[in-house]
Structures are given as structure tokens and as C-alpha cells.
Amino acid sequence: MQSHSGTMTNLAALSRLIRLPLSVMIAISALTGALAADQQVSGLVLWALAWGIFLLSASCSVLNQVQERATDALMHRTCRRPLASGALSPRSGMLIGFLFGSGGLAILFVATGPNTALLGLAATAWYLLTYTPLKQRSSLAVIAGTPCGALPPLIGWLAAGGDPLDPRPLALVLLMVLWQVPHYWLLALPDREELKRVGFKVLPQKLSGHQLLNISHFWILGMVTATLLLLPMQLVQLPILQGLIAGLAISFAIWTTGIQKKTLFIEKTAAKLRIGLHIYLGLILGCILLNGLLLRLAL
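Counting in this note's numbering, the sequence shown runs from 50 upward without gaps.
Some hints here could point you the wrong way.
[To be verified] So the derived label-pair ranges between C-beta atoms look like this:
id, residue 1, residue 2, range
1, Gln286, Leu214, 14 to 24 Å
2, Arg129, Ile289, 18 to 28 Å
3, Ala347, Glu242, 32 to 42 Å
4, Ser141, Phe267, 34 to 44 Å
5, Leu167, Leu63, 21 to 31 Å
6, Pro216, Ser151, 30 to 40 Å
7, Leu214, Ser134, 42 to 52 Å
[Unchecked claim] Under the rule of at most 30 Å between Cα atoms (straight-line distance), these lysine-lysine pairs were calculated in the DSSO-like manner:
id, residue 1, residue 2
8, Lys310, Lys321
9, Lys255, Lys310
10, Lys255, Lys245
11, Lys245, Lys317
12, Lys321, Lys250
13, Lys321, Lys245
14, Lys321, Lys255
15, Lys317, Lys255
16, Lys250, Lys310
17, Lys250, Lys317
18, Lys245, Lys310
Treat the hints as calculated values from the structure; they're not laboratory data.
Heads up, the beta-carbon is just placed ideally off N, CA and C, and yes, glycines get one too.
Using the sequences and the accompanying hints, generate a full structural model.
This is how it looks when you write it as C-alpha cells:
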């Protein structure tokens with residue numbers, strides 16, 4: 050029984066270390082780019098792409114927690130992370146992060162080519178060397194950090210042999226950019242005082258909760274618009290999935306417009322919006338991925 054409990058504890062710690070749900074979603078976004086470029090791309094390339102991007106995302110998470118372990122230890126939301134709690138030493142974290150990152154780059158380089166590996170390296174370096182330190186300097190750092198999470202669809206597109214001058218993958222990039230910003234602001238809202246105390250600057254510290262919800266809603270409507278752009282750009286070809294995506298986008302816009310007006314419980318509203326953003330992006334990426342897989346089977 051103790052062994053089972055210990056295993057579950059270790060798995061939970063690993064999940065926090067690599068931010069498992071986020072890393073999986075980023076890997077899926079890369080697959081959507083690949084399948085949008087070519088439904089006949091080899092299975093080996095798809096597997097290599099998914100694992101390469103997943104490992105790079107995990108590497109960013111681990112190395113970021115090495116960088117921020119002192120401040121993470123002071124905040125309720127992050128104090129249980131392995132490096133912040135002392136369960137993992139900084140040296141071990143550096144080693145794990147380096148192994149994940151070098152493994153991800155090697156997989157991308159060998160299986161998908163140097164251009165995709167170079168983009169992966171650029172996104173990783175930007176996250177760790179620009180975005181992470183910028184969080185203590187500017188409340189708009191999250192906007193500067195969006196390329197890190199937005200490049201995977203483009204990497205997937207190039208991995209499948211897509212034309213680098215084709216504008217279509219930029220619709221996927223735009224979708225990821227417009228998702229990241231309100232997600233981060235809504236996540237930071239309940240922690241704004243703790244973040245301020247440890248030296249991080251976030252927009253919720255400068256705005257009222259009502260103002261933040263309004264600005265987040267503006268970004269969310271932009272994200273919905275970017276979603277609808279996927280249809281005329283033929284990134285989804287199956288009519289049933291086109292209809293599903295359109296329905297999801299319109300329904301999400303209506304739901305967020307209604308819920309953001311409920312300003313009596315700002316933090317609860319923000320939490321609902323944040324969860325809704327996760328579900329929405331997961332469903333949209335799932336539809337794009339399913340479209341590519343079904344067309345792949347039909348070819």
C-alpha cells in the first residue's frame with residue numbers, strides 16, 4: 050500500500066515538474082500543424098514531432114522551475130513544485146531539464162530536419178532567457194512570451210514539409226497567441242498580491258478585477274475570430290468538423306460574454322473562464338487533429 054502511495058506521489062510530482070497537461074497540449078498543437086500541411090506525412094515523423102515538442106516543453110518547465118524555485122517556494126499555488134519544496138535539487142533539475150531539452154532537439158533534428166530543431170531551440174531560449182526574466186520587469190511580459198507556446202504548430206507544419214511561405218499555419222499560431230494571454234491573466238488574478246510580494250509584475254496588479262475581465266474578454270473574442278479563420282483557410286476540410294468548430298466558437302463567445310458580466314464574484318468568474326479556455330482550446334485542437342487523422346485514413 051505504501052509502495053502504491055509512493056508511486057502516485059512521484060507521478061504527481063513529475064506531472065507538476067513538467068506541467069504535464071500543458072506539455073501534452075503543446076505537443077498536440079504541433080501535430081495539428083503537421084496534419085494540416087500533409088495528411089500523408091509519415092507516422093514516424095508524427096511520433097517524433099510529438100515526442101520532440103513534448104520533451105522541449107517539459108524541459109522549459111523544469112528549467113523555469115530551477116530559475117524560479119526561490120519565488121515559487123513563497124507562493125501558495127507553486128510551493129508544492131518539486132524544486133520549490135526541496136524534493137528535487139537544483140543540480141538534478143538542471144540535469145533533467147538539459148536531458149529533456151537535448152533529447153527533444155535531437156529527435157526533431159534527426160526525424161524532421163534542422164529547421165524545426167532550430168525553431169524549437171529558439172522557442173526554448175526565448176522562454177528561458179527572455180520571457181522568464183522579463184516577468185519581473187514588465188506586466189506585459191506574457192505578450193512577449195507568446196512565441197514560446199505559439200511556434201509548435203508552425204514547427205509541425207514545417208516538419209511535414211509545408212511551404213514556409215504559406216500563410217495558413219499562421220492562423221494556428223494566432224490562435225495559440227490569443228489563447229495564452231487571457232489564460233495567464235486569469236491565472237494570475239487570484240495570486241496578484243503574492244506575485245507582487247515576490248517581485249513579479251502582472252497586469253491584474255494594475256487593473257481592477259472588472260477591468261481585467263473586460264480586457265480578457267476582448268482577447269477571447271479575438272481568439273474566437275482566429276478560430277473561425279481556420280475554416281475559410283481550409284485547415285479543416287470535413288463539413289461535420291467545420292460545423293462543430295463554428296458551433297463551438299460561437300457558443301464559447303456567447304458564454305464568455307454572459308459570464309464576464311457577473312462581476313460580484315470576480316475570482317470565481319475568472320476561474321470559470323480559465324477552465325473554459327482550457328476546454329475550448331482542447332476541443333478545437335482535437336477537431337483539427339481528428340480532421341487530419343480521418344483524412345489520413347481515407348487517403
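Checklist entry - Can you name, in rising order, the numbers of the hints this structure does not satisfy? => result 2 and 3
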